[in-house]
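Asker: Sequence:
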Amino acid sequence: VVNCGAIPEGIIESELFGHKKGSFTSANEDRKGYFEEANKGTVFLDEIGETPLETQVKLLRVLESGEFMRVGEAKTRYTDVRIIAATNKDLTDLVKKGEFRQDLFYRLKTVTINIPPLRDRVEDIGPLLERFALEFTRSNDIRYRGFTPEAIRLMKRYDWPGNVRELKHFIEKIIVLNKG
Numbered sequence: 365v366v367n368c369g370a371i372p373e374g375i376i377e378s379e380l381f382g383h384k385k386g387s388f389t390s391a392n393e394d395r396k397g398y399f400e401e402a403n404k405g406t407v408f409l410d411e412i413g414e415t416p417l418e419t420q421v422k423l424l425r426v427l428e429s430g431e432f433m434r435v436g437e438a439k440t441r442y443t444d445v446r447i448i449a450a451t452n453k454d455l456t457d458l459v460k461k462g463e464f465r466q467d468l469f470y471r472l473k474t475v476t477i478n479i480p481p482l483r484d485r486v487e488d489i490g491p492l493l494e495r496f497a498l499e500f501t502r503s504n505d506i507r508y509r510g511f512t513p514e515a516i517r518l519m520k521r522y523d524w525p526g527n528v529r530e531l532k533h534f535i536e537k538i539i540v541l542n543k544g
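Numbered by the working numbering, the letters in the sequence shown go through residues 365 to 544 in order.
Simulated from the structure, these hints should not be mistaken for laboratory data. Heads up, some of the hints might be wrong.
Using 27 angstroms as the maximum straight-line C-alpha spacing, the simulated DSS-like pairs for lysine-lysine come out as follows [said to hold, decoys possible]:
1) K439 <-> K385
2) K404 <-> K422
3) K473 <-> K460
4) K422 <-> K396
5) K439 <-> K453
6) K520 <-> K532
7) K520 <-> K543
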């Protein structure tokens, strides 16, 4: 799993493709990147819409031919990976604005699954609420007493602009503040 939005622009290529010892100040040893580590497996590129344009060129190359080079190295390496990409941005719009490469967009667009926002699928709130509550209380050794039907109704009426992440953090906050 690679959160493309959380890796700084100057580091993302090293994270994805690896680097050679001495290629930059803190490169104290050779390092494999995610694509090399995941050979014969899957790389999940989360927040792909946040990837810098310079890195998108290299991503396209590895998707097209399986070829990549570690940062600071002239040797071409090969990998065979399946790519799953996700974003909360409209990539079509980013392509029109010149912020996302059109060729990479079409290379990634093999199968598209659009998941509606949480406010458009309120029937998912109950099961998600229970899962998040149980995960959080078990990992923090908190006695969980559940939510009242009225609390669940209120949560179903809320718009959840932060989507599932907002719901998850809200559930955790409520459990902590109300001691389970």
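Asker: Has the given pair, K404 with K422, been kept, meaning a C-alpha gap of at most 27 angstroms?
Answerer: Distance of about 19 angstroms is within 27 angstroms: holds.
Asker: Does K460 sit within 27 angstroms of K473, going by the straight-line distance between their CA atoms?
Answerer: The given pair, whose Cα atoms are some 16 angstroms apart, holds under the 27 angstroms limit.
Asker: Sort out whether K543 lies within 27 angstroms of K520, counting only the CA atoms.
Answerer: Given that 27 angstroms is the threshold and the Cα spacing comes to 22 angstroms, the pair holds.
Asker: Given the hint that K520 pairs with K532, does the C-alpha gap stay at or below 27 angstroms?
Answerer: Holds, at about 14 angstroms.
Asker: Starting from K422, check that the Cα of K396 is at most 27 angstroms away, please.
Answerer: 16 angstroms, holds
Asker: Compare the distance between the alpha carbons of K439 and K385 with 27 angstroms, and conclude whether the hinted pair is satisfied.
Answerer: Roughly 14 angstroms separates the two Cα atoms, so the pair holds.
Asker: Given the hint that K439 pairs with K453, does the C-alpha gap stay at or below 27 angstroms?
Answerer: Cα-Cα ~35 angstroms, so violated.
Violated hint for the displayed structure: number 5, the only one.
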